[in-house]
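**Student:** One-letter residues, chain by chain:
There are 4 protein chains.
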Amino acid sequence: MDEQAYQLFDQQQKNRGINMEDVKEKLKNLKIETPSWGYGDSGTRFNVFHEEGVPTDAYGKIAEASRVHQLTGAAPAVALHIPWDQVDNFTALKHYAQDQGVTIGAINPNLFQDDDYKLGSLTHHDEKVRNNAVTHMLSCIDIAREVDSKAISLWLADGTNYPGQGDFRKRKQWLQSSLEKVYGELDSDMRLLIEYKFFEPAFYHTDLPDWGMAYDYANKLGNQADVLVDTGHHPQGTNIEHIVSYLLDEKKLGGFHFNNRKYADDDLMVGAINPYEIFLTFYQISDVLYENDLGKRSKAEDIIYMLDQAHNIEAKTPAIIQSILNVQRLFAKSLLINREEVAYHQNRGNVLQAERAVRGAFELDVTPLLHAMREEQGLPVDPFEAYMHRHEAVTESKGGSKR
Amino acid sequence: MDEQAYQLFDQQQKNRGINMEDVKEKLKNLKIETPSWGYGDSGTRFNVFHEEGVPTDAYGKIAEASRVHQLTGAAPAVALHIPWDQVDNFTALKHYAQDQGVTIGAINPNLFQDDDYKLGSLTHHDEKVRNNAVTHMLSCIDIAREVDSKAISLWLADGTNYPGQGDFRKRKQWLQSSLEKVYGELDSDMRLLIEYKFFEPAFYHTDLPDWGMAYDYANKLGNQADVLVDTGHHPQGTNIEHIVSYLLDEKKLGGFHFNNRKYADDDLMVGAINPYEIFLTFYQISDVLYENDLGKRSKAEDIIYMLDQAHNIEAKTPAIIQSILNVQRLFAKSLLINREEVAYHQNRGNVLQAERAVRGAFELDVTPLLHAMREEQGLPVDPFEAYMHRHEAVTESKGGSKR
Amino acid sequence: MDEQAYQLFDQQQKNRGINMEDVKEKLKNLKIETPSWGYGDSGTRFNVFHEEGVPTDAYGKIAEASRVHQLTGAAPAVALHIPWDQVDNFTALKHYAQDQGVTIGAINPNLFQDDDYKLGSLTHHDEKVRNNAVTHMLSCIDIAREVDSKAISLWLADGTNYPGQGDFRKRKQWLQSSLEKVYGELDSDMRLLIEYKFFEPAFYHTDLPDWGMAYDYANKLGNQADVLVDTGHHPQGTNIEHIVSYLLDEKKLGGFHFNNRKYADDDLMVGAINPYEIFLTFYQISDVLYENDLGKRSKAEDIIYMLDQAHNIEAKTPAIIQSILNVQRLFAKSLLINREEVAYHQNRGNVLQAERAVRGAFELDVTPLLHAMREEQGLPVDPFEAYMHRHEAVTESKGGSKR
Amino acid sequence: MDEQAYQLFDQQQKNRGINMEDVKEKLKNLKIETPSWGYGDSGTRFNVFHEEGVPTDAYGKIAEASRVHQLTGAAPAVALHIPWDQVDNFTALKHYAQDQGVTIGAINPNLFQDDDYKLGSLTHHDEKVRNNAVTHMLSCIDIAREVDSKAISLWLADGTNYPGQGDFRKRKQWLQSSLEKVYGELDSDMRLLIEYKFFEPAFYHTDLPDWGMAYDYANKLGNQADVLVDTGHHPQGTNIEHIVSYLLDEKKLGGFHFNNRKYADDDLMVGAINPYEIFLTFYQISDVLYENDLGKRSKAEDIIYMLDQAHNIEAKTPAIIQSILNVQRLFAKSLLINREEVAYHQNRGNVLQAERAVRGAFELDVTPLLHAMREEQGLPVDPFEAYMHRHEAVTESKGGSKR
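Residue numbers (numbering that gives the first Met the number 0), protein chains in the order written: chain R, 0 to 402; chain U, 0 to 402; chain C, 0 to 402; chain B, 0 to 402.
Just chain R, same shape as in the assembly (with noise of 0.2 angstroms):
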């Protein structure tokens, strides 16, 4: 029947006036990044469940990392984090992921669990621990040059838990200058993603609360420093795609990482609480990615794409196949506006056919298009099935029973 119902669809598609092979051509140019630590255990501050047979180190992630692409065709990077995924010769393991079939995609310092970093790492009073965070970051471009990756990713955790605590404008002002230090190392070709979360683990404020402030430092940094959204981190009620809308129009949206979340920062799987959200989020994505102005398109095209999810109680290789398709589907669909209805009731004022344009793509079932892609990847059509049909038949195998 899948023959059939692309058949179907596509025929519908041509008629609403849509480039079906443009369509799958920018749906297979999607390339989704995913984190190594998403393959380890991750908690709540209340617990740690542990799944068995996880990876610890970062050979073992990697491995994993490597199945969700042969199953997805879409995950070609590990994003590593530093020092979780320290190895003593990263060359080596380069060279193992290349082996693998993937390759090591943004590093991201970790200045959050050293002990001197409690109250602050590139904005804490001591020029030591300053001096230190620095250096980290310094050492993150050196293993980046060592691996090939032209990014670094930079998720401050600093921030304060009462009023008084810290002096706001001297953090203010020594994270600039400790902003500068790293930025003045990168080489030519590398960028430095700035994400920006408005809350936690620094409960009254977070010294990059949001995306005004990290587009302002990046701004002062130069043409290599970028903003990373994260779709977790923003107050209830933010316009998310606003936002991804007005970085893409300044040329200084880097790249994203992407979850779900009900309340906080939940880090759930992409599309499992508000589909809708990462869609139009898409939809200013696509946008660009149609516009003529050759320097936002290509900016566009250039966005690092990352998962940053927790797998707290779901299995995690399938949970991070399962938001890669999710994330396949919302940008399938948002390829699937006719962009010309929409500029047409906007020009007109017609709210209601403007919004119905917009929605009516979402509401399409692109399933028949996600399976033609993928067999014309020779992928497996429903990866997540795939990968839950070999898990099965392995754990089976050993005598194991399923969870």
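Please note that a few of the clues may not be correct.
Copies of the same chain are indistinguishable here, so a pair counts whether it falls within one copy or spans any two.
Unchecked claim - Quick list of in silico lysine to aspartate or glutamate cross-link-like pairs, DMTMM-like style, CA-CA up to 25 angstroms:
| hint | residue 1 | residue 2 |
| --- | --- | --- |
| 1 | Lys-13 | Glu-2 |
| 2 | Lys-171 | Glu-249 |
| 3 | Lys-25 | Asp-364 |
| 4 | Lys-169 | Glu-290 |
| 5 | Lys-250 | Glu-375 |
| 6 | Lys-149 | Glu-179 |
| 7 | Lys-171 | Asp-114 |
Calculated directly from the structure, the hints in this document are not laboratory data.
Following the hints, put chains U, C and B in place on chain R, whose structure we already have.
**Tutor:** Leaving out everything else, chains U, C and B in the frame of chain R:
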């Protein structure tokens, strides 16, 4: 292509084990009451933009509602707001509605516009004001009798703007006492629906802020009092479907006011901001529609579904049609959840598969099903387009151009 | 100057018509239970920073709690968390506590750390797990008997992370049934306190998300079941004091977990973020302490006040002292509200004057009153400074420097 | 007793190392602009309750503002809203204000009430509408010239209610272009204050939702463009004082609209809901008032403080007085923070002591200071009571009864 699409869809669903006749029957039984006030001008505190030609009295609004029902087949009743819809002769109004093919739905007393209600109505510190408010509600019961309505729908706007302004516990006791007087006058086949809202127009506290209080009052009053859930009346992050399931299980869910919101009580069209949330609400309802416990099931079948939207910038009647279509669409999807599959995975702790089984139904495009159903009912397959087409024809024949 | 300040303060309050002896008596009667877990290390999901010298077992925590009580005179009981505070001989622990001048307060069963509880405890789909959880609660009742505690304080961490993961209504019924088994084993002078929390560690839904559900379960169980309000467990914008007043009026408010938060459940020190909110909560409580209805008044007098904070970055014992002082301060202010003045203005609809009458008491500096009270009790006037002074002395005598 | 209280207070503060003369001077320099619209009726979308005798034209509002200034000595300017305050002869209005002892403050263009603005003003898809909006702003500049006002204060109500309704990036470019036209016409001593608001009256997106966008536009425009912070215009959980400190450090904070809110943009009286938040904002400002960097300090001294409240149920003029008193009170407290003490603890990572040093100033009762200051200024010590007293006298002499 519609026919081919439906054949394919029907086959796919049967293969999934879905009883399509049952789905269609439940779908045809879905009735959505439209609010008279949704056909007239509304606005924000900053401005009310006027739409030309909108009805200003009860007769005009009923005529408009009738048009909606003719096109959708799903909106046979109109809720009235008193005194906005006050007429000299309610019997005549009832007959007019019947002639138009619709009936009068819930009667909504207005307890917020009289000058006396500035500091409260049923909870006012002045006994005279409380009595006036009770009297107004009793007159609404009289109207209900006259128009054959079986539901009084109370949204209480009472609350305070400042700490200290009112005595919470006295107001609680006054509310209890006022409601008892009203409840005592209901006919035995009438229901009192108690709505809650955690914010606005009072800003510091509202006397009925959440489902818990509405439920407690309803419990104390008796079997004819139920809770009404307005989907826009909750704090951010609230799991509305969980509340719905709780009330369903307690047989205390009387009705819905459907709309959608981004931040506060935006009263936007259903499904325009977060369609998945509405779907998940219907998932809970559908679950009870297949329940063995007859008491719970029949209570769920008696839910009164109403729209409560404010069309501040969009054309009103087509906005109502749009929302009806969305409610149908999301209810239809919820009926396509394979409940055995979900239960199977829930019982094994298969988090990923259970989530996938629910969301999978949401991902389906139910357009073929809805079109087929409407064809069977002799309705236009796309009531929105049908309305716009007629409306434009009319507008053009008048030589004018709208907007 | 303290003496002069108090004379002046005392005269000012008497001029306002305040009965200062009564205020002092009520203030002296305020007892705040401290949590054993507040004396040990805690952290976020990202890290736990270790404080040198913090106690790791029940004995050490009780010793610390005893120090706090000696300095404040307001913290005579320590809440235990089982199995964190498991010991071989609870009778010996009780005697140790007595020797230290404190008693054992509420017993808190831990239903979230065992591997079996990954998908729930009292609401788990597997009956065996539910039974284990009930058994654990019953063993906590045994411990309570052994240590002469009269309260079991249940925070249920159960919930789901994804739509479809669990069956809301089945879980509701399992919870009801599990709680009934526990409730049936309470001694007649024991209370079951039921806490609610709308988010975390489960992210999509929690089985006890709000006061409404906690209250409904407590009602169904009986007179020995009450609701426990944790000030950090509500959605943003919630009027907590209104909920408190409702529960007080229903005689179903059993206790508090005090803390403060900026966004989520930050578990920061009481009064550190929004002191006015705590004051307004005490305003509702004070109101009932002056109530003529003896049943309501005595229920309010029996409220168990507890701290529940996580001291992630600050020194733990002084943080607890700080919070106790803040609770006293804010309660003291609430006792200085001239209730006749407030009622006078409420009854006339004088919004501004009523607000001013309440807030005016908050604006008072009650330091002279608190110092006078502590002097009468033979306590240091500033227990925080006294602690820091002693602690520094000790640290210095050891030749070390703290932090 | 006031004299004795002040002596005591003064001595206590001096003992803490506070320079009380400096505090009083800074306090006397605090000027708070009142909004003409605050003196007239306002309401919610549900109703506007009318207060008898409130002024309806600019002259009446200025007269009322003059009364407020006479009593408080702190409100020498009145902001106008155009066209609400349109008069034939603005020079005459300026002279009238001068005769009344006040001046005209910021000019606020209204870009949300004209029918043309239903779908936007400066960002409307129709160039004609955009030009009209620009023209209106230019006419406001003319008015500013005529009345000697030096500030144009722009709150842009533009936004969309539905996904797809508008093109985010086109609107961004139109806004940039519109603002440039306005900015180009400013006199060299005029400022353009750019306000942001994340929600309402548009519900899906607003074109200026947050400080980040307002700041970016202001940066692009130039030195005469600054950001205006309305304390009620942020998502829940936002750390407003952090934003304020950032803008101060960038010398881009132009002004404030003070008010308070519980959930959305409630426009309640300053300090009525969360006084600590306002205090913490003033803590950041005070910090810069003691800054060595002259550029930052003088920019902070030039902040325009304005009230922006809606008095829906309370008497309007006394509500404004009340808010002025609260602003003074909270600013006074912030000046009593011992900044050396705070810095000492910050530099040592003494979290608890630093928090305590800041909050300690908030806990002080500054009534003696405020009374002393007002006596020095020849003002009534309690302007609110003075107003109510006069007002009651007037009302009684008219034979009327006060509410």
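**Student:** Go through the numbered hints given earlier and state which of them the structure violates, listing their numbers in rising order.
**Tutor:** Number 5 - this is the single hint that the structure violates.
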